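Chemist: Sequence:
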Amino acid sequence: MDRLYKKQVEEYLTNYGKLVFISGARQVGKTTISKQK
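Per my numbering, residue 1050 is the first one in the sequence shown, and the count goes up by one each step.
Since the hints were derived computationally from the structure, they do not count as laboratory data. There's no promise every hint is true.
To be verified - In silico lysine-lysine, DSBU-like type, Cα no more than 30 Å apart, as pairs:
1) Lys1056 with Lys1067
2) Lys1079 with Lys1056
3) Lys1067 with Lys1055
4) Lys1079 with Lys1067
Stated by the list, open to error - So the derived label-pair ranges between C-beta atoms look like this:
5) Ile1082 with Gln1057: 45 to 55 Å
6) Asp1051 with Lys1084: 46 to 56 Å
7) Gly1073 with Arg1052: 27 to 37 Å
8) Ala1074 with Tyr1054: 41 to 51 Å
9) Lys1084 with Leu1053: 39 to 49 Å
10) Gln1057 with Val1077: 24 to 34 Å
Just so it is clear, the structure is predicted and the values come from calculations on it, not from any experiment. Note that CB positions come from ideal geometry on N, CA and C, so glycine has one too.
Using the sequences and the hints given, assemble the complete structure.
Modeler: This is how it looks when you write it as structure tokens:
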């Protein structure tokens, strides 16, 4: 039970980290593009 919960939390954190990284990279890309114009 406890181990299953821990695994789910780890998977959630991994997916959340990827989401934050992707959205953050997208935000950086937008700002660099707007600066170049």
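Chemist: For each hint given before, does the structure comply? Return the numbers of the non-compliant ones in rising order.
Modeler: As far as the earlier hints go, 2, 5 and 8 are violated by this structure, in ascending order.
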